[in-house]
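Go ahead and model the full structure; you've got the sequences and the hints to work with.
First to last, the protein sequences are chains A and B. The opening position of the first sequence corresponds to residue 0 in numbering that gives the first Met the number 0, with each subsequent residue numbered one higher. The opening position of the second sequence corresponds to residue 0 in numbering that gives the first Met the number 0, with each subsequent residue numbered one higher.
Quick caveat, the hints were computed from the structure, so don't treat them as lab data. A couple of the hints might just be wrong.
Stated by the list, open to error - Straight-line C-alpha distance at most 30 Å; calculated DSS-like pairs for lysine-lysine:
no.	chain 1	residue 1	chain 2	residue 2
1	B	Lys-162	A	Lys-134
2	A	Lys-78	A	Lys-36
3	A	Lys-134	B	Lys-64
Bear in mind that the values here come from a model prediction, so they are computed numbers and not experimental data.
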Amino acid sequence: MQRKFTKNLFLRHVCGGLLLLSFSAHAAGGGDPEIGKMLADRGDGSGAPCMACHAMDGTGNAFAGFPSLAGLNAGYLLKQMRDYNSGARVSAVMQPNIDGYSDEELVHLAAYFASLPPAAPAQPTVSEDVLVLGKKLAERGAWDQYIPPCSSCHGPDNQGIGTDFPAIAGQHANYIAQEIRAWRDGQRSNDTVQLMTGISERLTDEQIDAVAAYLSTLPMRAE
Amino acid sequence: MHKISMITGLVAAGLTAPAVALALIGNEARVPINLPELQPDRYVHTAPTVDDLMADESVHPELRKVILKGRDIFMNTQQYRGTYVFNDMTCASCHTGEGGMNWGGPVWPAATTLPNYRPKNDHVNSLEERIAGCFSYSMNGISPEYGSDDMLALVAYHQWLAKGAPVYEHQIAGRGFNNLGTQIPEDVDYHRGEQVYQENCAVCHGANGEGKRQNGQVVFPAVWGDNSYNWGAGIARIFTAASFIHMNMPLGKPGSLSEQEAWDVAVYINSHERPQDPRYTGDVRETREKYLGFHRHSYYGLEKNGVLLGDHENTGEKPFLKPEILRSRTFTADE
Numbered sequence: 000m001q002r003k004f005t006k007n008l009f010l011r012h013v014c015g016g017l018l019l020l021s022f023s024a025h026a027a028g029g030g031d032p033e034i035g036k037m038l039a040d041r042g043d044g045s046g047a048p049c050m051a052c053h054a055m056d057g058t059g060n061a062f063a064g065f066p067s068l069a070g071l072n073a074g075y076l077l078k079q080m081r082d083y084n085s086g087a088r089v090s091a092v093m094q095p096n097i098d099g100y101s102d103e104e105l106v107h108l109a110a111y112f113a114s115l116p117p118a119a120p121a122q123p124t125v126s127e128d129v130l131v132l133g134k135k136l137a138e139r140g141a142w143d144q145y146i147p148p149c150s151s152c153h154g155p156d157n158q159g160i161g162t163d164f165p166a167i168a169g170q171h172a173n174y175i176a177q178e179i180r181a182w183r184d185g186q187r188s189n190d191t192v193q194l195m196t197g198i199s200e201r202l203t204d205e206q207i208d209a210v211a212a213y214l215s216t217l218p219m220r221a222e
Numbered sequence: 000m001h002k003i004s005m006i007t008g009l010v011a012a013g014l015t016a017p018a019v020a021l022a023l024i025g026n027e028a029r030v031p032i033n034l035p036e037l038q039p040d041r042y043v044h045t046a047p048t049v050d051d052l053m054a055d056e057s058v059h060p061e062l063r064k065v066i067l068k069g070r071d072i073f074m075n076t077q078q079y080r081g082t083y084v085f086n087d088m089t090c091a092s093c094h095t096g097e098g099g100m101n102w103g104g105p106v107w108p109a110a111t112t113l114p115n116y117r118p119k120n121d122h123v124n125s126l127e128e129r130i131a132g133c134f135s136y137s138m139n140g141i142s143p144e145y146g147s148d149d150m151l152a153l154v155a156y157h158q159w160l161a162k163g164a165p166v167y168e169h170q171i172a173g174r175g176f177n178n179l180g181t182q183i184p185e186d187v188d189y190h191r192g193e194q195v196y197q198e199n200c201a202v203c204h205g206a207n208g209e210g211k212r213q214n215g216q217v218v219f220p221a222v223w224g225d226n227s228y229n230w231g232a233g234i235a236r237i238f239t240a241a242s243f244i245h246m247n248m249p250l251g252k253p254g255s256l257s258e259q260e261a262w263d264v265a266v267y268i269n270s271h272e273r274p275q276d277p278r279y280t281g282d283v284r285e286t287r288e289k290y291l292g293f294h295r296h297s298y299y300g301l302e303k304n305g306v307l308l309g310d311h312e313n314t315g316e317k318p319f320l321k322p323e324i325l326r327s328r329t330f331t332a333d334e
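Okay, here's the thing in structure tokens:
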């Protein structure tokens, strides 16, 4: 839903009679970050509000493996939420928390999280050798195992490109490793053209942990 | 939804590494590395890696620098956009696995099988001239000069990758993009190809073949239109595109498309317009006829979907048609 307002225009929002100061929506698909924030703060009516796991600033929880959503591409976030609701992506944690939102509300939520400043990169907690292995995979891949570099699809510096290839630089290591294993083990299968499935099947456990650790130490740039 | 072929317990032995570490030993891979067996009667090469180069103490530091420069040009050719390259291509766009990988269009054979006669230009070519062809056609550009520092670097990279390969051994396993043969099947279908493209290729190469960029940098190159390879590129031939696609695309999913899907999508992609063939005489039908040995495999100069392909003066970003390096040469033996 496209909305353009000047800074001086006040609009009475239909939902709950709230008065909102609306600014022009930057996010892809025309979602309104202000509305998204309101939706994120109150939850979908039956589940926990987003901040319960994804933190007040949307940067998630590195230790628990709750991903940082802050600064990710709005179109990507929207697709993931739609996939949770349709069953294309399965998570016992996510499903009950967003199934109460309408599709229009998901658009606003996506715009909100996309507008947030990305998390700061992690301090490395692994050895230099592990980081070197991770860097190699991220930038050069391992062609002898038929693993192209992450950056060949996730873009220069793994900052993501478009709605299909999210930024992985600056994402939490535990989450990245968890998702690669989820593709490998068949628990996640909503990757476009199954591009991640093949990759995940070829990475060793050591490589998964190394590339996840390395990527988490990189800065994620805001879109 | 694209159908994934289930190949029971098979990881194709198409890679040169003796052991492919699999996290799924004993399980079926859902996206297997579906490459053909390397031809048993041919020379099988294992190209050295950049790690090997850094560890090889017998390589003079100056040579190491030059090889690394060549690798940098090969892997990041876009840094020369506007000087050598006038489209979205990088050598590594089509020569996957850093140019050393079997079935990925390895480039090192050019170092061991040339100088040799090449039908494309009807004379004996050196490795440098072969490289110049890639710049002139696939990159729609201007090659580094013969004997220049950049050309030396590229030659050094090719030859480094060839380390250990026998000179003038022409029977090379996993070479080139012709695994599906050169005959276009009679039942190829543009519309089926369009479907294959939208379902498998558009996610990276764009719904209109325009590719994708991030902050101005090319991430996925254009496969047709002004920013793609020109009509003189080998991959403008249907069989070359079909074989390349079948072995290498979508990226990371070799052999995932059926042969028919590969032919169909090659037809679809190569039925779109692209910059002019540098050998253009001014008349597209005449040019097709003149270079029929090459163009009988492409749709250049043919009418497809109501359009006479190649009938234009569009040279893309390149501000002229024919780079000077494309010239014929003949030799006369002394009596």
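Comparing the hints with the structure gives:
Among the hinted pairs, Lys-162 of chain B with Lys-134 of chain A is consistent with the structure: their alpha-carbon atoms are about 26 Å apart, no more than 30 Å. The suggested pairing of Lys-78 of chain A with Lys-36 of chain A holds, with an alpha-carbon distance near 18 Å, which does not exceed 30 Å. Simply put, Lys-134 of chain A and Lys-64 of chain B have alpha-carbon atoms about 21 Å apart, close enough for the 30 Å limit, and the pair holds.
Checked against the numbered hints above, the structure breaks none of them.
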